[in-house]
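I would like the entire structure built from these sequences, with the hints used as guidance.
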Amino acid sequence: MSETCKVSVERRGDVAILWTDGYINNQGGEEIAREAYSELERGARALVMNLEKTRIVNSIGISILIEVLEKVMERKAVLAFCGLTPTIDKTFRIMGLAQYAAIYPTEDEALAAVAATA
Amino acid sequence: MDRKAGRMPGGREGILAAEEPTRDPTGRGLMAQRGPASSEPVTAGPPEVSLTIPVAPEMEIVATAQADALGEYMDMSRDKIDEVKLALVEACINAFEHAHTEDNQVHITFRVGGPKGRCLEIEVRDRGHGFDAEGVESPTPQKTFEERRRRGWGLHIIKSLMDEVEITSGEWGTRILMRKYK
Chain P
1 MSETCKVSVE RRGDVAILWT DGYINNQGGE EIAREAYSEL ERGARALVMN
51 LEKTRIVNSI GISILIEVLE KVMERKAVLA FCGLTPTIDK TFRIMGLAQY
101 AAIYPTEDEA LAAVAATA
Chain W
119 MDRKAGRMPG GREGILAAEE PTRDPTGRGL MAQRGPASSE PVTAGPPEVS
169 LTIPVAPEME IVATAQADAL GEYMDMSRDK IDEVKLALVE ACINAFEHAH
219 TEDNQVHITF RVGGPKGRCL EIEVRDRGHG FDAEGVESPT PQKTFEERRR
269 RGWGLHIIKS LMDEVEITSG EWGTRILMRK YK
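Read top to bottom, the protein sequences are chains P and W. Just so you know, the first sequence maps onto residues 1 to 118 in the numbering used here. Just so you know, the second sequence maps onto residues 119 to 300 in the numbering used here.
Think of the hints as simulated: they come from the structure by calculation, not from any bench. These figures come from a predicted structure and were not determined experimentally. One or more of the hints may lead you astray.
[Claimed, not checked] Here are the simulated lysine to aspartate or glutamate pairs, DMTMM-like style, with alpha carbons at most 25 Å apart:
1. LYS90(P) - GLU239(W)
2. LYS261(W) - GLU67(P)
3. LYS53(P) - GLU190(W)
4. LYS234(W) - ASP193(W)
[What the hints assert, rightly or not] Label-pair restraints from in silico Cβ distances:
5. ALA116(P) - ASP193(W): 36 to 46 Å
6. LYS261(W) - GLU41(P): 43 to 53 Å
7. GLN260(W) - THR4(P): 26 to 36 Å
Glycine included, each C-beta is placed from N, C-alpha and C at the ideal position.
Here's what the structure looks like:
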């Protein structure tokens, strides 16, 4: 059994899109963080995280996403989430992620929004 | 004295006198209900499933599969099942991280009950050291972001996602009892 999160990345100019697939726990969170930091190092001005293939997260995974968000804010970049299940959306709001990062229903909406700000 | 912190429907929270749950004579688990005398006819009770998982990475996902199956059996909405699963994950990893259990196991009982079988009740127990359930400081986004205190969200998330939560803890271990109505 392995629910470990897989992360794939595509770069479109200054924007990096990260797609997650699977359970975002500590390992999944660290995998996302590795890819996100790599894209920031390579000059990305905006990260869009599409979680539509993730059905479950835990608070440890979200705490790692918060670390990523802090790094993004330090670099004056932008982070947007999209494709969240209602439960993950609710949990992000409970933990305050939604106060510091934008959440959009779809990837197209997220890309349009970050293109306007990045 | 053992104490129990609970959240009741409508967000009401309370501290209740707590007792260690009744254990079966084998010491393997709780006595979920008194069985019929041998001369009585055996009738089907409400659906109940017990599961014991080892303290090991991703074992909480094994437990969520059971919640998924029972939620579908009850015809609970997908969103509510997902909320139950996330709360269950948090209850399991809370036990994994903080209980320091001697048997290295977490015991979970799922029950479908309540009027017209509308309630999914999940009990997560460990035989670890226990903790002061009412002394747990509530996390806030401000503490998380400004003071960089990122952990400690588990119980808060459980209470936010479930309809009723009772937490009982003592020297015998910890029991988190949570209910979700469809």
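Evaluation of the provided hints:
1. LYS90(P) - GLU239(W): holds, 21 Å
2. LYS261(W) - GLU67(P): Judged against 25 Å, a Cα distance of about 13 Å means the pair holds.
3. LYS53(P) - GLU190(W): This hinted pair holds, its Cα atoms lying about 20 Å apart.
4. LYS234(W) - ASP193(W): holds, 12 Å
5. ALA116(P) - ASP193(W): 36 to 46 Å: holds, 43 Å
6. LYS261(W) - GLU41(P): 43 to 53 Å: violated, 29 Å
7. GLN260(W) - THR4(P): 26 to 36 Å: holds, 32 Å
Violated hint for the displayed structure: number 6, the only one.
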